[in-house]
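Student: Below, each chain spelled out in residue letters.
Protein chains: 2
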Amino acid sequence: MAKKTTSALQENKGVSKTETTNAKSIGSLKKKRKAVLSVDSLVTDLLNKNTSSLSRAITLIESKNPKHLEQATQVIKACLPHANKSIRIGITGVPGVGKSTFIEAFGKHLTAHDKRVAVLAIDPSSTITKGSILGDKTRMEALVKDKNAYIRPSASGNALGGVARKTRESIILCEAAGFDVIIIETVGVGQSETTVHSMVDFFLLLKLAGAGDELQGIKRGIIEMADAIAINKSDGDNLKRAKLAKVEFNRALHLYPEKVSGWLPKVTTCSALQNDGIDTIWELILDYVDLTTKNGFFNKKRAEQNKFWLIQTIESQLKSNFFNLDSIKKELQKQLDLIEQNKTTPFAAADYLLSLK
Amino acid sequence: MAKKTTSALQENKGVSKTETTNAKSIGSLKKKRKAVLSVDSLVTDLLNKNTSSLSRAITLIESKNPKHLEQATQVIKACLPHANKSIRIGITGVPGVGKSTFIEAFGKHLTAHDKRVAVLAIDPSSTITKGSILGDKTRMEALVKDKNAYIRPSASGNALGGVARKTRESIILCEAAGFDVIIIETVGVGQSETTVHSMVDFFLLLKLAGAGDELQGIKRGIIEMADAIAINKSDGDNLKRAKLAKVEFNRALHLYPEKVSGWLPKVTTCSALQNDGIDTIWELILDYVDLTTKNGFFNKKRAEQNKFWLIQTIESQLKSNFFNLDSIKKELQKQLDLIEQNKTTPFAAADYLLSLK
Chain A
-3 MAKKTTSALQ
7 ENKGVSKTET
17 TNAKSIGSLK
27 KKRKAVLSVD
37 SLVTDLLNKN
47 TSSLSRAITL
57 IESKNPKHLE
67 QATQVIKACL
77 PHANKSIRIG
87 ITGVPGVGKS
97 TFIEAFGKHL
107 TAHDKRVAVL
117 AIDPSSTITK
127 GSILGDKTRM
137 EALVKDKNAY
147 IRPSASGNAL
157 GGVARKTRES
167 IILCEAAGFD
177 VIIIETVGVG
187 QSETTVHSMV
197 DFFLLLKLAG
207 AGDELQGIKR
217 GIIEMADAIA
227 INKSDGDNLK
237 RAKLAKVEFN
247 RALHLYPEKV
257 SGWLPKVTTC
267 SALQNDGIDT
277 IWELILDYVD
287 LTTKNGFFNK
297 KRAEQNKFWL
307 IQTIESQLKS
317 NFFNLDSIKK
327 ELQKQLDLIE
337 QNKTTPFAAA
347 DYLLSLK
Chain E
-3 MAKKTTSALQ
7 ENKGVSKTET
17 TNAKSIGSLK
27 KKRKAVLSVD
37 SLVTDLLNKN
47 TSSLSRAITL
57 IESKNPKHLE
67 QATQVIKACL
77 PHANKSIRIG
87 ITGVPGVGKS
97 TFIEAFGKHL
107 TAHDKRVAVL
117 AIDPSSTITK
127 GSILGDKTRM
137 EALVKDKNAY
147 IRPSASGNAL
157 GGVARKTRES
167 IILCEAAGFD
177 VIIIETVGVG
187 QSETTVHSMV
197 DFFLLLKLAG
207 AGDELQGIKR
217 GIIEMADAIA
227 INKSDGDNLK
237 RAKLAKVEFN
247 RALHLYPEKV
257 SGWLPKVTTC
267 SALQNDGIDT
277 IWELILDYVD
287 LTTKNGFFNK
297 KRAEQNKFWL
307 IQTIESQLKS
317 NFFNLDSIKK
327 ELQKQLDLIE
337 QNKTTPFAAA
347 DYLLSLK
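Top line first, the protein sequences correspond to chains A and E. The end of the first sequence is residue 353 by the working numbering, with every number in the run present. The end of the second sequence is residue 353 by the working numbering, with every number in the run present.
Isolated chain A (complex conformation) (with noise of 0.2 Å):
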């Protein structure tokens, strides 16, 4: 029965490139069937630790084939129960900060420790540069190879809110499949920080030793996220400048009102090529894991995270619905154009485009 069902799901995955069938149509009720036998058995196999299966599931959430994402909605639904129990810890660092060593170097040493790894990433930009998903993979050669560890390339899409729900969804697909580890990375740019954060226990910011330019660069909205930043490359001439920018970090980091977690940021160095100083930042997340557990912020955070996802969702929607209309389209820059002039403000202006919905 496996078999035929895996062959009904790949059959249904085909449907994507070829013609949506009308699930009202004549013969729907057969395949209706074959769908519900395939995200049963999907289910199991992805419950039983089957990576084939998580990455059948994961695929069937970013498709944009509504059957799919009918089954994929079926997926987590019973994929749920057994979600919520990884320690979800999202990475950052501007590109060339050695982001893929480190989570390289980081994953061995959690898979050495008997932890299973899933590594997920976000970047809006990956539907421009789809090659850095094959890039990604080699550069975590080992880590790829490894039975204990799963790794998925970018989601793609066009706004960062689907990027984000494919990967929430991911991750609850990962922790179903019995990862305890779920890292999500991001490229140091743009927006994207702000999302990860959002579905994240622990957020740990790479950095480098800079040439002296170490508190301009950084973003500051990012490095109040953070609560831990560590420099990598801290290895041959690089390790004097490497302490001296932990210093000056930890000095920058006291200039940030004390985080509502209880929990102090730390600075500390490493050098994933090296391998030297990973296993310092693993404990350091479980002293946080201990420290937020006790406290009740761990599980606080993940309720408030869960509310933000709800209430931004549905403010996102109801924007886009509101100007995406065809009268809205049409008549906003002409209201813009009319506050120009000075014949209108803008609230009599939102007042009249609200009237036309």
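Everything hinted at is true.
Identical copies go unnamed one by one, so any copy, or any two together, can satisfy a pair.
Distance condition first, Cα-Cα at most 30 Å in a straight line; then the derived DSS-like pairs of lysine-lysine:
#1 K73 with K296
#2 K111 with K143
#3 K73 with K326
#4 K104 with K242
#5 K330 with K297
#6 K73 with K339
#7 K104 with K297
#8 K315 with K330
#9 K45 with K63
#10 K45 with K339
#11 K303 with K63
#12 K303 with K81
#13 K296 with K325
Bear in mind the hints are in silico, worked out from the structure with no lab data behind them. Quick caveat: nothing in here was measured; it's all calculated off a predicted structure.
Starting from the known structure of chain A, arrange chain E on it as the hints suggest.
Tutor: Coordinates of chain E only, in the frame set by chain A:
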């Protein structure tokens, strides 16, 4: 005629305290005619720099009576072609920094240089501490008596959005009434600074020379918005500390990325009490206006602010319309509970709630 229409307006003003008449009822035509007449004469008087008319017009804006709001819309529309000609300055600082004394000294400096100055205040908390309105006026004794100055106490309202709208509309009226400089004062707490920043050309932050905690005590977002920081009460024993603080703030400002205006934020010291350094601040603002007028940023910023308020008003209205629906109020907490119990995801819950609309 002027007298007759003025009394008509006063009659309308009285309506808010009793009962709003249905505009479609018998006799409404007569009333409508009266209202139109009174609006015309109000606008004429306002354009003739009559500050009593300005006050009455702002009262219309602030009224909760639909009839008054209709009149307010007419007044604003008539004033719009005469607006946009002032320099709008936002002034903020924590309580105790000497805002009132500063604005009094600054305002007197401007009127001495043949400028007409209007002072508006944003204070979202003023609904609670209504007494502060009188306080403000008595603390600016000399300015209150100055015929070229106009001081309007805080617009109050439950939501900052409402306060913002009233203040933005009041700016238009003040400009139409021939005021050259509009000062928007805000208390140094909460979200009001961001609101004020979005409606002024120049943002001035007042600070005190503190006890070594110059950097820690600052809300970073506010520093980032400032076009200038003035360290007030720089007199007597305070002088040395103020100069030290100036050095420290200058260093802090260098850590921020360059402003798109092309303007380098300035740090200066002043003593409003001793009328010292006030002229420097005004010259500095004129330098800013000069620079940004030449490089086009001045008008660009105003256009962006208009667009911001248009979009902002629409979005907040869409949200409040949605979340105030009875069906949503009833279901929102249920969905949050289901998320908490791992029975749904924030995204599925959002889809469900949106489907109820």
